[in-house]
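A.B. asks: Sequence:
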Amino acid sequence: MESTIELFKVFYSLCLTSDEFTRAVLSLQFDENFAVYISTIINDYNWNHIVTNRHPLAPNSPFQAARDLIMHGIITEYLHRYLEISHSVKMFEKQKS
Numbered sequence: 011m012e013s014t015i016e017l018f019k020v021f022y023s024l025c026l027t028s029d030e031f032t033r034a035v036l037s038l039q040f041d042e043n044f045a046v047y048i049s050t051i052i053n054d055y056n057w058n059h060i061v062t063n064r065h066p067l068a069p070n071s072p073f074q075a076a077r078d079l080i081m082h083g084i085i086t087e088y089l090h091r092y093l094e095i096s097h098s099v100k101m102f103e104k105q106k107s
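Here the sequence shown stands for residues 11 to 107, where the numbers follow our numbering.
Quick caveat, the hints were computed from the structure, so don't treat them as lab data.
This one's a predicted model, so the numbers in the text were calculated from it and none came from an experiment.
All residues carry an ideal CB built from backbone N, CA and C; glycine is no exception.
The reader is advised that the hints may include incorrect statements.
Unchecked claim - Pair ranges (Cβ atoms, derived):
1. 28 to 107: 54 to 60 Å
2. 59 to 12: 41 to 47 Å
3. 104 to 20: 35 to 41 Å
4. 95 to 42: 29 to 35 Å
5. 20 to 59: 31 to 37 Å
6. 48 to 20: 31 to 37 Å
7. 22 to 91: 25 to 31 Å
8. 94 to 33: 27 to 33 Å
9. 62 to 33: 16 to 22 Å
10. 101 to 47: 38 to 44 Å
11. 43 to 94: 20 to 26 Å
12. 68 to 91: 28 to 34 Å
13. 14 to 107: 45 to 51 Å
Please model the complete structure; the sequences and the hints are all you need to start from.
C.D. replies: The following block contains the structure:
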């Protein structure tokens, strides 16, 4: 899968300016910021330890973009499922009481 993403990245980069491509690659490192926002909204910080794409104080190389994209997808899917389960538990507790 990583090889496929690396191949796609070559064609993707040809469609963008250098600045746009850099911004797209660096945006994959903002998962930690979104995790903090979502945790604040739902008042639950129990899942933040899984976020591996950290704030880009020292930006990753574009050569690591495929790995960052894979991790972004995994974290996003995990968060989506976590929110579904959390909502189901709250609804169950509400019906129970």
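A.B. asks: Give a verdict on every hint.
C.D. replies: Structure-based check of each hint:
Remark: the range hint 54 to 60 Å for residue 28 to residue 107 is upheld by a beta-carbon distance near 57 Å. At about 24 Å, the beta-carbon gap between residue 59 and residue 12 misses the expected band of 41 to 47 Å. The supplied range of 35 to 41 Å is broken by residue 104 and residue 20, whose beta-carbon atoms lie about 51 Å from each other. Between residue 95 and residue 42 the beta carbons are some 22 Å apart, a value that contradicts the proposed interval 29 to 35 Å.
Checked against the given bound of 31 to 37 Å, the beta carbons of residue 20 and residue 59, roughly 34 Å apart, stay inside it. Look at residue 48 against residue 20: about 33 Å separates their beta carbons, and that is inside 31 to 37 Å. Under the hint 25 to 31 Å, the C-beta atoms of residue 22 and residue 91, about 28 Å apart, fit the expected range. Separation of residue 94 from residue 33 is about 31 Å and conforms to the stated range, judged on CB atoms against 27 to 33 Å.
Taking 16 to 22 Å as the suggested C-beta distance range, the pair residue 62 and residue 33 conforms, at roughly 20 Å. Restraint check, residue 101 to residue 47: a C-beta distance of roughly 23 Å breaks the suggested window 38 to 44 Å. Checked against the given bound of 20 to 26 Å, the beta carbons of residue 43 and residue 94, roughly 22 Å apart, stay inside it. At about 31 Å, the CB distance of residue 68 to residue 91 agrees with the hint of 28 to 34 Å.
As the Cβ distance of residue 14 to residue 107 is approximately 49 Å, the hint placing it in 45 to 51 Å holds.
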